[in-house]
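Engineer: Below, each chain spelled out in residue letters.
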Amino acid sequence: MAKAVKTKSAAVVNILIVVLILVVVNLLSINIFARWDLTEENIYSISEPSKKIISSLDDRLTVKVFFTEDLPAPHNTDRRYLKDLLDDFRAYSNGNMVYEFVEDPLTENRQEASSYNLQPVQFNVMGSTTAEQKLGYKALVLIYGGENEKIPFINNMEMFEYDFIRLVKNLSERGKTHVGFTFGHGELPLDGQLTIAKQILQEDFEVVPIDLRKVPEIPGDVEALFIVAPSERFSDRALYVLDQYIMRGGKVGFFLNRFKMNQNMGTIDRVDTGLDSLLRAYGVGVKQNFAIDQNCYTYMDLRRVEGGFMPVNVKVPFFININNFNEENLVTKYQKTMSLIGASTLDTSVQIPEGVEREILFTTSEKSGTISENIQARLQQIDDLDYDQFYLPLAAVLSGQFESYFADKFVPAADSADTAFVPPAQEKLNRAIENSRLLVVGSGNFFDDQAARDRSRRFQQNFVFFRNIADWLAQDDELITIRSKGNIYSPFTRVIDRDIETTVKLINIFAMPVVIIIFGLIRWQVKRSAKRSRAV
Amino acid sequence: MTAVWVLTKKELRSYFSSPIAYIVAVLFLGILGFFYSNSIFMSKSADLRALFSIAHIIYLVFIPAISMRLISEEKRSGTIEVLGTMPLTDWQLVLGKFIPAFILMLITLLFTLINYFTVSFLGDPDTGVVLGGYLGLVLLAAAYLSIGIFTSSLTSNQIVAFITSFTVILLFFVLNQLKFYVGGFLASILEFISSDYHFQSIQRGVIDSRNVIFYVTITFLFIFLTVQVLQSRKWR
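Sequence order for the protein chains is A and B.
Per my numbering, the very first residue in the first sequence carries number 1; after that it's consecutive.
Per my numbering, the very first residue in the second sequence carries number 537; after that it's consecutive.
The reader is advised that the hints may include incorrect statements.
Claimed, not checked - Here are the computed lysine-lysine pairs in the DSBU-like style, where the Cα-Cα straight-line distance is at most 30 Å: (1) A:333 <-> A:409; (2) A:428 <-> A:409; (3) A:198 <-> A:51; (4) A:51 <-> A:150; (5) A:52 <-> A:134; (6) A:176 <-> A:214; (7) B:546 <-> A:315; (8) A:134 <-> A:150; (9) B:580 <-> B:770; (10) A:198 <-> A:260; (11) B:611 <-> A:527; (12) A:51 <-> A:315; (13) B:545 <-> A:527; (14) A:367 <-> B:770; (15) A:52 <-> A:214; (16) A:83 <-> A:333; (17) A:287 <-> A:169; (18) A:8 <-> B:770; (19) A:198 <-> A:333; (20) B:546 <-> A:531; (21) A:8 <-> A:83; (22) A:505 <-> B:611; (23) A:51 <-> A:134; (24) A:527 <-> B:580; (25) A:315 <-> A:333; (26) A:333 <-> B:580; (27) A:52 <-> A:505; (28) A:8 <-> B:545; (29) A:214 <-> A:51; (30) B:580 <-> A:531; (31) A:315 <-> A:367; (32) A:260 <-> A:367; (33) A:150 <-> A:169.
Note that these hints are calculated values from the structure, not bench results.
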């Protein structure tokens, strides 16, 4: 223990020395530090695929960071985290990566920021009386081999690693993979209801429309094909083109609605595209039903009761919240939630062909069911629906070498409408010559523009799934791993009703205070008794 | 250390003999539970991030309330002079006041684990984030208590001690925002000495030596300053 200081001046010197030591320790700690990422998925540490990609650079990667220094919280914390991450990347780059924080991008170096088409962004700052706005940069430019890519605004630090590595891959690998979207069978149009999905894909892929009626075969450079919510029947010829694409190793995502809302008649009509027969030959079917689930979207409504109105939670059972994901499959390994409207369940009683593997990606909850008949009428009597089934499959993947649906059939002739048809150059393949991947979801609208623009953001995670599908089909498994670990949202995994909510609230608010009060009263009583017995 | 332990036991006994500790803990847990419960059902997110943020704000009042009497009460009643005659150093006296208050804080925080159990029933919270958040709250409690004990040593009036420590703690909390009025290098300094800045970082579930060193520094500095204040009685 320190001896007592005898004079005021000696005490002041003592204090100054201690303060100085503490300041030096803190200054040193800024540069010499250790960090432990305790998060289960190591969200804040760079992943193995990232290390692999960054260490395989064969040219100098220059990173220029335009980050205004005094941004409001939480952006200011991001500056240090960003620097730490860039330090990690640099350490694994074998000397091929350098980075710099550009000083004063708002004033001195604004011209440099402008030369990369970077614009300052407005940040809200709480002033002394009102909210004020402040301009600032939170952007980054990557320069590699004479080309550059940029993140104009680093919005989400949890996703930074993914965004950064995606751009590094774009720069170092050059040339984008082609992804096709079929049209001509009532599918959602790329420039109609899929504009946002298209934009998302265009960051990494060349998106091309493909009319199966008019091509002799799907071009070999198309790595993956999306068939999104078709509502009309595919001709045998179109099915043949699709089948042969799969036989040559093409990967296809099927997003199928088994019902369609007829806006004019106000009815729900069955959809038969002919794709179901094809899929059943590959190992899975999509049932003609409507899945319902107690784990679903709910909204508050006012119900008239005697003497006024009472707020009630109304469930929309066909608006399903998904929480049961296959954690073994990379596509859904890190997915925690998503929402589907009007989905159909998969038929997994179909025999799986030899050489093919099937995995269910996600299912309904433990309290779910299906409606197959009188759908409209039954959906209007929500309280009478049965939820006596559980874990019904809604999405699956098939991978391996498939047998052709047309193995024992003749090559279908071209339709008369197919004016541009040219006979296929290649011979019919009865069995796949390469491994393929198929993904089937019993819903076709979960990543359309309406879902993307929903203000409640409840479909936000659907787009993480959508991007994972694209990467999985294009066999870019590294990016799925990196993207998915950025997901910090941890949804409820239990069906929450009003009783559970009230019970949890009561426990959180009152349980421990009551325990403390009881403990206090017992202690008080014991002390009082002891006092009395002493007095006696 | 025996002296510190004896003092710690005595202080803890006095905490639990008066209703103050119970009232403060009940209020802390009740308010925290109320705001946290509403927050998780609105966000439908099974995590404790909201709990940590709300607890940090409640600390601003809760910790000055616990620490205000630690030394000022001894000064008011004159027992500080009696303690001065005992074979006890000022360090032992200060630690003997700081440690029981810190233990009281830890016990109160332990009770908040009920929220972890209920949220684990609802979903699957990230244990790493929970550990990080609790470590942040423990370090923050130590730092704020050391400020509280320091301000308590400056006066014999508990209300003055409460207001002073509340103001100093609030200042550490809002430095992260004040930097907008200064800009440049000074802004970086304000940011670094802001308690909120370090807490935001640690509650993500990342234990960074820079954050830990900062809180340990603040705790040590204010305990040291408290010792200096007590020693000032003996200055010539």
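Engineer: Determine for every hint whether it applies to the structure shown.
Structural biologist: Outcome of the hint check:
1. A:333 <-> A:409: violated (39 Å)
2. A:428 <-> A:409: Holds, at about 10 Å.
3. A:198 <-> A:51: holds (29 Å)
4. A:51 <-> A:150: Cα-Cα ~20 Å, so holds.
5. A:52 <-> A:134: violated (39 Å)
6. A:176 <-> A:214: holds (25 Å)
7. B:546 <-> A:315: Violated, at about 57 Å.
8. A:134 <-> A:150: holds (22 Å)
9. B:580 <-> B:770: violated (59 Å)
10. A:198 <-> A:260: Judged against 30 Å, a Cα distance of about 23 Å means the pair holds.
11. B:611 <-> A:527: Since the Cα atoms of residue 611 of chain B and residue 527 of chain A sit roughly 28 Å apart, the hinted pair holds (cutoff 30 Å).
12. A:51 <-> A:315: The given pair, whose Cα atoms are some 46 Å apart, is violated under the 30 Å limit.
13. B:545 <-> A:527: Given that 30 Å is the threshold and the Cα spacing comes to 17 Å, the pair holds.
14. A:367 <-> B:770: At roughly 74 Å apart (the allowed maximum being 30 Å), residue 770 of chain B and residue 367 of chain A break the hint.
15. A:52 <-> A:214: violated (42 Å)
16. A:83 <-> A:333: holds (29 Å)
17. A:287 <-> A:169: violated (40 Å)
18. A:8 <-> B:770: The hint holds at about 10 Å.
19. A:198 <-> A:333: With a Cα-Cα distance of about 24 Å, the restraint between residue 198 of chain A and residue 333 of chain A holds, given a limit of 30 Å.
20. B:546 <-> A:531: Between residue 546 of chain B and residue 531 of chain A the Cα gap is close to 19 Å, so the pair holds against 30 Å.
21. A:8 <-> A:83: Violated. Residue 8 of chain A to residue 83 of chain A sits at ~44 Å, over the 30 Å cutoff.
22. A:505 <-> B:611: violated (43 Å)
23. A:51 <-> A:134: Status violated; Cα separation ~36 Å.
24. A:527 <-> B:580: This hinted pair is violated, its Cα atoms lying about 45 Å apart.
25. A:315 <-> A:333: holds (28 Å)
26. A:333 <-> B:580: Cα-Cα ~21 Å, so holds.
27. A:52 <-> A:505: Cα-Cα ~46 Å, so violated.
28. A:8 <-> B:545: violated (33 Å)
29. A:214 <-> A:51: It is violated: about 44 Å lies between the C-alpha atoms, which goes past 30 Å.
30. B:580 <-> A:531: violated (51 Å)
31. A:315 <-> A:367: holds (13 Å)
32. A:260 <-> A:367: holds (25 Å)
33. A:150 <-> A:169: Holds - the C-alpha atoms of residue 169 of chain A and residue 150 of chain A are around 13 Å apart, at most 30 Å.
Hints 1, 5, 7, 9, 12, 14, 15, 17, 21, 22, 23, 24, 27, 28, 29 and 30 from the list above are not met by this structure, while the remaining hints are.
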